[in-house]
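K.L.:
Start from the sequences and build out the full structure, keeping to the hints where you can.
Heads up: the sequence shown runs through residues 1 to 171, numbered per this note's numbering.
Please keep in mind that the hints were generated in silico from the structure rather than gathered at the bench. All values derive from a computational prediction rather than experimental measurement. Be aware that one or more of the hints could be misleading.
Below are the EDC-like pairs computed for lysine to aspartate or glutamate, each with C-alpha atoms no more than 16 Å apart in a straight line [as the list claims (entries may be wrong)]:
no. : residue 1 : residue 2
1   : Lys-105   : Asp-123
2   : Lys-30    : Glu-14
3   : Lys-105   : Glu-55
4   : Lys-30    : Glu-51
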Amino acid sequence: MRADARVNHDRLLEVAAEAFAREGTGASLKAIARTAGVGIGTLYRRFPSREVLVEAVYRHELEQICEVAGQTSLRDWMEAFVDFMAAKHGLGETLRAILTSEDDKQQTRDRLTGAIATLMADDGTVRPGVDPRDLLMALGGITMIAAEERQRELATRLIDLLLRGVSSDRA
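P.N.:
Structure follows, in structure tokens:
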């Protein structure tokens, strides 16, 4: 991809992610294109349908959250994960329709589990024997509870409880 095309592509994903988080998947594609500084034709050349754009936004953000695993603390990553999932709340039905195969779901779980395993190894405070998949499932539950309650602070308190529960320093 040419450099200018890559810039447009990345900008469209960034603007679309913000619009979908704010307005859900019904956000205006024309407004997304305009805000990204491109024409609607450019948007449709890159993403031929709304569903393709939603999936691309999701996969791009998943990639980003997994990439930062080696650059941050377990706690900070968990907080970022809660925000990542909260931003996906408006994409629920569309994502369920797009990510229908068990392979897609398993690939997502595997990527996230790998990120958590990296964070656990780097962190050094998680007691031996804690399965990264269990930590992912617990964190997923926290995000659902926090979204249901619409309380971001609740997620932070629950992350604190979870980290104390898996800590090698438990007293």
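K.L.:
Next, verify each hint and record whether it holds.
P.N.:
Right, here's what the structure says about each hint:
At roughly 27 Å between alpha-carbon atoms, Lys-105 and Asp-123 are farther apart than 16 Å, so this suggested pair is violated. Taken as a hint, the Lys-30 and Glu-14 pair is honoured in the structure, with Cα atoms around 15 Å apart against an allowance of 16 Å. Annotation: proposed proximity of Lys-105 to Glu-55 holds, straight-line Cα distance about 13 Å (limit 16 Å). The suggested pairing of Lys-30 with Glu-51 holds, with an alpha-carbon distance near 15 Å, which does not exceed 16 Å.
The structure does not agree with numbered hint 1 stated previously, though it agrees with all others.
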